[in-house]
Amino acid sequence: DSGVTQTPKHLITATGQRVTLRCSPRSGDLSVYWYQQSLDQGLQFLIQYYNGEERAKGNILERFSAQQFPDLHSELNLSSLELGDSALYFCASSVVTGSGNTEAFFGQGTRLTVV
Amino acid sequence: AQSVTQLGSHVSVSEGALVLLRCNYSSSVPPYLFWYVQYPNQGLQLLLKYTTGATLVKGINGFEAEFKKSETSFHLTKPSAHMSDAAEYFCAVSRLDTDKLIFGTGTRLQVFP
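Here the protein sequences line up with chains A and B, keeping their order.
In terms of this note's numbering, the first sequence opens at residue 32 and continues consecutively.
In terms of this note's numbering, the second sequence opens at residue 140 and continues consecutively.
Just chain B, with the same shape it has in the complex:
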C-alpha cells in the first residue's frame, strides 16, 4: 500500500526566508510523486512532479523538490519565501498502474513580513 506523511501541519517563515516542507512516502513499487498547492477557496494546482530521471525537480513559482530514494523523501523547497506563497501544500503519490493520487494531510504555510 502507498502512503504519504507530511511532517508539520503548519510552517511559518519570514518573507525572504527558506521554505522547507517535508514529505515522506511509503510505496512497494517505484512511485510517482507530486506536490500540489491549494490557495484559499480554490482547487489544487500542480507545483511539480517526479516520475523518472533527474531526481531534482523544478516546478512553478520557484519551488523545487528532490527525490531521495534512500530516505523515501520528496521535500519541497524554495530559497526565498514570498507573501503570495501562503497556502496549503499537499504531497501526493501515485504509481504506474493507477492514476489515483494518495495525498498527505497537507502543510499550511504562513509567510510573515
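Pulled out of the complex, with its shape left as it was, chain A reads as follows:
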C-alpha cells in the first residue's frame, strides 16, 4: 500500500459527460501529480500541484482541469468526454518538489471507460 488513495477505482460514463477523479496523497506529501496511462500514448504526465498551487503542466487537454485543496487532496476534472479519454488515471504524491530525484508514490489508479 503506497498510502495514496484514489477514488473511484472504476468509472464508466458516456461521451460528452463530465467526471471528477479524486486523490488523497500520502500523509505529509505536499506535491500531487496526475498521469494518464493509455494503450496508444503510454504513461503521460498531465499536471502537478504543490501545496495548492499549480507547479508543472504536461500534455493536459483544455477539457481537463485539476486543483489541490487546502487539505492537500486533489481532483482531476474531465469534461466533454470522448472515447479516446478512456484510460487509467494515476495520482502520485511526493514530499518535496524541485529536486528532481524525489520518489513519487502512486495510487492504484482510476480506470475510466467512456462509452
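Since the hints were made in silico from the structure, they are not lab data.
Be careful, since some hints might not be right.
Ranges between beta-carbon positions, derived for each pair [stated by the list, open to error]:
1. A/S110 - B/T194: 44 to 52 angstroms
2. B/Q184 - A/I91: 18 to 26 angstroms
3. B/G147 - A/S58: 32 to 40 angstroms
4. A/G73 - B/G201: 34 to 42 angstroms
5. B/T194 - A/T36: 35 to 43 angstroms
Derived pair list, reagent style DSS-like, types lysine-lysine, alpha-carbon separation capped at 30 angstroms [claimed, not checked]:
6. B/K208 - A/K88
7. B/K207 - B/K197
8. A/K88 - B/K188
9. B/K208 - B/K197
10. B/K188 - A/K40
Covered by chain A, according to a simulated footprint, are these stretches of chain B (three or more residues, beta-carbon under 8 angstroms) [to be verified]:
11. 148 to 158
12. 178 to 192
Glycine included, every Cβ here is placed at the ideal spot set by N, Cα and C.
Got chain A; can you put chain B on it based on the hints?
For chain B alone, coordinates are given in the frame of chain A:
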C-alpha cells in the same frame, strides 16, 4: 527535451534465468533515472533510482541497474528471475529543476517455470 526508450515491449525468461530490461535515455542535462514496476491492477512502485554518485544502483527484490553515461543507458538486471517478477517495468527520467517523470513505453516481463 528528455525522452526514454525501452527496447523490447515484451521479454520472456525462464525462472532462474538472468533478467535484462533495456533503457536508453536522452537528456540535455544530467538526468535522474528511475525504474518502476507495475503489477496487474496496481499502481507503480519504485524499484530503484539513480541520482548522483555510484553508478551501480541496487533496488528492491534483487534488481539493480547501472548508469552508463557514455552509452546513455540505464539497463535493469536481476541475476535470477522469479515467477513473482512477472509484471510491467517502466524506465523514467526526470531532471534537477522538475519532478515530473518522463516514462518509457514499458516492458512486460513474463517468467516461465
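Consistency of the hints with the structure:
no. : hint                                : result
1   : A/S110 - B/T194: 44 to 52 angstroms : 46 angstroms, holds
2   : B/Q184 - A/I91: 18 to 26 angstroms  : 24 angstroms, holds
3   : B/G147 - A/S58: 32 to 40 angstroms  : 38 angstroms, holds
4   : A/G73 - B/G201: 34 to 42 angstroms  : 26 angstroms, violated
5   : B/T194 - A/T36: 35 to 43 angstroms  : 36 angstroms, holds
6   : B/K208 - A/K88                      : 28 angstroms, holds
7   : B/K207 - B/K197                     : 15 angstroms, holds
8   : A/K88 - B/K188                      : 23 angstroms, holds
9   : B/K208 - B/K197                     : 17 angstroms, holds
10  : B/K188 - A/K40                      : 28 angstroms, holds
11  : 148 to 158                          : violated (count 0)
12  : 178 to 192                          : holds (count 8)
When held up to the earlier numbered hints, the structure conflicts with 4 and 11 and fits the remainder.
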